[in-house]
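Novice: Below, each chain spelled out in residue letters.
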Amino acid sequence: MAMTGYGRKNSERYLPDQGREACGLFGVMNTSGKRFPGNIAISAIKNIKVRGNGLGGGFAVYGIYPDYKDYYALHIMFENKRREVKTVVEKYLTENFNVAYDEQIPTNAQVSLFHPPLVWRYFVTPEKKGDERNLSDDEFVVDKVMHINTSIDDAYVFSSGKNMGVFKGVGFPGEIADYFLLDKLYEGYIWTVHSRFPTNTPGWWGGSHPFSILDWTVVHNGEISSYGTNRRFLEMYGYYCTLYTDTEVMAYAVDFLMRRQGLPIEVVSKIFAPPMWDTIEQMREKEKHLNTTLRMVYGPLLLNGPFTVIVARHNEMFGITDRIRLRPITAGAKDDMVYLSSEEAAIRSVAPDLDFAWTPHGGNPVVVRMNSTDHLLSMDNSI
Amino acid sequence: MASLTLKSGLRDMFLEGSRHVSELGGYATVSGSQAWVDALNLKHKELNDLLREVASQGARDITVRNVFGQRYIGTRLNTVSGCNVNLSIYGTAGNDLGAFLNGQRLTVYGNTQDGVGNTMNEGEIIVHGKAGDVAAMSMRGGKIFIRNNVGYRTAIHMKEYNDKVPVLVIGGTAQDFFGEYMAGGIVILLGLGLAEGKNHNANYVGTGMHGGVIFVRGNIEKSQLGKDVGIYTTDDRDMEIVRQYSGEFAQRFGLNTEEILQAQFRKILPLSKRPYGSIYAY
Amino acid sequence: MYSYLLPEFAIERKTERCIKCRVCERQCPVGGHKYDPDFDAMFSYEEVCVGCQRCAVFCPTGALCVQPHSSQYRLNYSWSREKLQDLKKQAETGGVILTGSGNDKPYKVYWDHLVLNASQVTNPSIDPLREPMELKTFLGKKPDSLEIDLNKEGFEIKSELNPNKMIELPVAFSAMSYGAISYQAFLSLAMAAKEIGTLFNTGEGGLPLEMREKYGGNAVVQCASGRFGVDSEYFNCASIVEIKIGQGAKPGIGGHLPGEKVSFNVARNRMIPEGTDALSPAPQHDIYSIEDLSMLIYALKEVTNYTKPISVKIAAVNHVAAIASGIVRAGADIIAIDGIRGGTGSAPKIIRDNIGIPLELALAAIDKRLRDEGIRNKCSVIAAGGFRCSGDVLKAIALGADAVYIGTSALVAMGCTLCQKCYTGKCSWGVCTQDPYLSKRLNPEIASVKLVNLLRSWEHEIKEMLGGMGINAIESIRGNRDHLRGVGLEGWELDVLGVKGAGE
Amino acid sequence: MGKILIKPEVCIGCHLCEIWCVVAHSRTKDILKAFLLEKPAAISRVIVEERLPVTFALQCRHCSEPDCVFACISGALYKDSASGRVIHDPEKCVGCYSCVLVCPYGGIIIDQENKKVTKCDLCEGFEKPYCVSHCPNGALVYADQEKGGV
Amino acid sequence: MIRQFDYVVIGNSAGSVGCIEMLRSIDRSGSIALIAEETRRVYSRALLPYYLAGGIDLEKMYYRKADFYEQHGVTALLGQKAVHIDTDKKEALLSGNERIVYKKLLLATGGRPLIPPVEGLDRENIFTFLSMDDVLKIEKALENAQRAVVLGGGVIGLMAAEALCKRGLQVQVIELAGRVLAPVVDEPVSNLLKDLFIEKGVQVITNNTIKEIKGGSSVESVVLTDGTQIPCDMLVLAMGVAPRIKLGVQAGLQIDRGILVNERMETSRSDLYACGDCAQGYDSVAGISRVIPLWPNAYLGGRIAGSNMAGGRRENVWSTSMNSMHFFDLCLITAGLNISAEDPGGFINISRIDEKKKYYRKFTLREGRIAGFILAGRISRAGIFVNLMRTKADVSQFTDDLFNEDFGYGSIPEELRWELLKEDLIPGVVNGNDRIRA
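Chains as they are written, first to last, in numbering that gives the first Met the number 0: chain E, 0 to 382; chain D, 0 to 281; chain C, 0 to 503; chain W, 0 to 149; chain X, 0 to 437.
Quick list of the computed label-pair ranges, beta carbon to beta carbon:
#1 LYS272(D) to GLU418(X): 35 to 43 Å
#2 ARG132(E) to ALA501(C): 45 to 53 Å
#3 GLU167(C) to ARG59(D): 42 to 50 Å
#4 ALA40(W) to GLY30(C): 23 to 31 Å
None of these hints come from the bench; they were simulated from the model. This one's a predicted model, so the numbers in the text were calculated from it and none came from an experiment. Glycine included, each C-beta is placed from N, C-alpha and C at the ideal position.
Hey, can you work out the whole structure from these sequences and the hints?
Specialist: What follows is the structure in structure tokens.
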């Protein structure tokens, strides 16, 4: 119950508008788990700079905190750099967590960006009390993150997974990378990047992608026309959208379906981008039943409208487009490196001699898993 | 996280925790056309699942013991094709006993609660005890025999059509709004337990009644009747009907028909087939 | 008693166009036209005219014009002509004034104050003529989660599902009983529902035996307070069983099919003697409280062996959201909510015009409440009462309805002109009558095609609107209030509707 | 073979078939002129049978074995082998009414004015018989075998 | 000379045409010969009174177009008389000794006029009224005639009288029976007719006949059995017709009044058929075999014969006496039995008359079924009554309605009505089954 009604007026009417934006995406993963520096992702996203407009950029990197790999790494931004807010947050954190270590996230003062917040990171483990002991660590962390994000003004947890981190802000992704010294300080085995093209005002740093909850991160391109439906459905399950972006909804949907309901991405993709009824009609009975039931039960999570999304968590990265492919995606593979991008050129710019490059069918996910070649399955029906 | 899974959530008070019929084998014994069911600790759906199952296996005489308020007993036997079952129920049958019944015979050795024979279509219900409120509501066919008293609004909106005429015989007396809205059918109120000189309990008898007939044995004052009905002496044809169904009643409960018939019967009839025909301005 | 009432309508006959073919005379069920052979002339009798326009439509030379009578009392905003006429009518008869059709009073029609969104630049519209546009809708209870197994044959659903009824278009026909409407009209609705792949609703008049096999799969059968024509077979032949608690046109009161409408066939269908009044009590006498409703819901689940979704239909009144929540918790799979503009074959005018609340507000409140309680997926919500066009339908779905029931629109498609005289049983269009001379005016082969055409055109329009919003599946607009904006609404109304004002 | 079939269940007794039959066989084909100005007025060849509430329209059935043709003493009635229509040639008709006597449907109409008979010609020259195309309730169906039947 | 034909038809009127048209609809190539005494192509004897009355011109008398024989591939041997038929050799001998060998032969020789057994019939201006020649001769005689006597108050007599009256002659009709048209109508109608004729200036003398004809070379007067002498310039013998059976007799066919035929129009000899006024078949209503000398009957008989001759199988299922007439402006239709009121036997007569409107209807019922009817004045839709007779429908439930001026199918009770119209309706529009329900 903890979050019911946090920060919400009684009417939908007072909720902010859904953000409207288009973007460039890139993701890369080493399926052997070898960590590599950020220059691939940074160069690739620079290749498709024209897909963003400098109003947002961000990275998610997996495997960056091997020393604290058992701790939840909370990246928190204090928007107006107000110390008193930081005090409130830290009080809340110490009430609920064991904070093993904290520090300001290093930045490059040479890089001048629009209204940068104070950004701090905390490595924590849960300290559950009373009824909370029934909750899993993950549920507990989500609950606390939601609390900070909905109840403490000017503080925003933008990364909360273990051994991974999100770095984002207002600017082109290249500038963000420079600002956070990504090419110098970090190595990871998955890098996802987002270059944002919003239609509204610059806004704030937290509104940039990737969006994340626990170790789930989402970078997304497009606009989801079903936003209201998706959002209101998720609200029933305790997900309150604070950012009013499609990406946030998508992240929650992924969390709800994959983490909480335990559905594999292959099933989730049929929920996000289900086959048309005409196609379902043609299926074998069992498959028809599956697809029909998924639409019947999870229809409110159909993501309607144009999108490409790259979702990552530990050991897995996948990309998917909407079911009528109103937005693009291309995949590439070379040995144990797998790439996902809005444009093939971005991949080629960093990996010219690919083994494969393919564009999957609308709604058909490219699933990149650790120590597997599952990503090649999506070559069915691809071009 | 529990708080995220369901908010206030939805609990199904009827079905929650119901076991599948395949897990209920221990509650039933079937031997040829005979079956015995122990209803103790069975939820209503479990019991009805089980009855359906044993009927499907060919049981036609089913004895159910330890009934404590399970609802809708007999209702779902409608969905077993060609099934006509004798059900003997020991205990206190739950609400809506035999609701929508369509041809079974239910005998309750004990009291029943509300809604006995609700919208029943065919079959027979025999209660060796009393019935609660709205017994025989909207009954359309078949017969109900209640040994003792009945509650409020008995036989409300009972109907008939051509030769499909429901019959309700009550051994004792009834409470208020007896025969309300009645549109058809035969109701016989015997008043067997009434003390000498005591009136029947019911007030507002036959309010809105516009069809069917109520035969009353025992005292009932005009002031106890609704404004839409009148009370009349019976004629020979009426008494033929009374004799037949009182006879069936007596036979089921081991009583003497002639003794029952010795007392005076009167009949309550609607004053109009259209009690509300004139309240509108066209 | 000499009547002091002014005639309601004036009949103008252009004699230079009249060919004395007497079609008007034959078509008028109330005797508004008469041919006099002695004078070889047609005469009109305005005092009986109800303004149904049958004669004007059927006159082959366009010689007739029927319009509101121009005679007027002194204009008075408060004491309108209608109020004065009603007073006089009651003074002359001492009766309750009856009426038909839906509320015609100028309460705000919120549909007319809500506008829909469209894509511009940031996402593309979809052209429904070229690309799939999906309107399939499932009615029934949905689980919170699905248990899915991966085995050799692929993914397989393990969870046991509640019964759901799939409809091809989220528009079904409201409850209109055979008895209230003619067999022909009733059959037309069934035929059209089957053709479209949607539902018709039997109301509480039963479902004629000869229609069960063919149309049962498209039938919602009602179990109402009168329990007419209700038995196990009736429930089991249908797709959905609906418990009728209330009706938007007359919340809180029962129904009364006058004996003159209980014809041989109506009687057979309702299983009551011919010519008797069919009285539906105000309450269901086995439901005096919410837990009793639950009892009936499960009685119906029992009688249908848990194979049919059970719907509960209520009128929109105060506290409707809380009532709806209770209904879901009582086990209903579907809630049908009928607003103040819902139609009727017969209702006391005072009830129709004064009781209940607008559907739009009720629907928004219910959807919100069910979501707040986390049980919105536990039932489908069908909105009813005054849907006039596909725009209204889509707005309702965006507010949160799963589907809508249309009644009046369907009747109008079949010929009804909303003369509001349904209760007289003399419907000149053959819709709301049991008089065989009148009812045959409705040819089911034609009327069903008109209904199908109506739904097809709405289907096209809904697809166009969805496409314009860049949505290609109806489930993505359901409850999606972001695509609605209010115009000309006050703050509290926007709050209840949960939509922003235009430009907000 | 052309033939007009009836659906009595949906005939509403409006008599518009008769009205439009007159128009179809009028000189001007204009309803107002046909009824108000043309002298002599055209005659309807269709009859609406009434026994309320039952009504239905009846006209020549264009029988495959037309008794009227067999009975015609002047050769005015004949069956057109190409179209299957039973055709009446008013030029040859002498008004003996033998056809009236034998037509089992009463489909031969007496033209009192000209002391001859007349009858349904299935509105030769129009796409569909007028009574069919103008029936407001689909109670008349033109069954044209050449066009694939009912 | 011997010629061979597949089909040979003797006679040239309705029966022959019916036969030929039927033959050709089945057998497009078989050879057909038509033998007829008259040299004219086929004309309608029924139109003779119309012509005489001046209503139509000569060209319209022809029953079929000029190229009828050609179109139907018929070798028309007009002006030739068949004098003998050898049924063993299957051969017809013509008056010119030509022999025609047939495979199938139809006798459609029609009737011959009945002639009264009186002296003086050889005088001029005495005519029969059966052929075009008769009528042309009468027409020629009209030029100098003012007064005409018509012997015979039957259908032909009255029609002749009407025609002559319309041509300006003073006409007297002599009828042996007590009333005109006695065989086909009942007394009220006879009276209506008599009044009508008298009103138009025609004298009608009943219970009388001619016993003597006076005059020089030309008829000048007739003397009746009661001694009345009626001066006249013209005498028309219109007492009726008798079957022309001479050929049939010679061929050894079974004969009663006419040549006996079965329901397939077969005579007692194989491959030999007869139809029309010369033949005698079964009257379905009267229940006896008799000659029905009526135009439709002849045509239909020809069709049936033609069909069977061409190898088909077709039976005459129903026939009876039927008449449609009109005298001046009075239309009259009769059918079936004409049972007199005096001796109804097992029949019930019901009738209604409206003297002012000259409207009369009578039905003769037997066990609730129509056995005959007479309509005078208003005859619209009379065929429906014939259909009720033909289908032996029980009308006892709606006898009153039979008198309804607008009697139609609407007046017939539902079940019977839909049974009669079952080929003509599409049921189940509303009820989805075969039943029509109001």
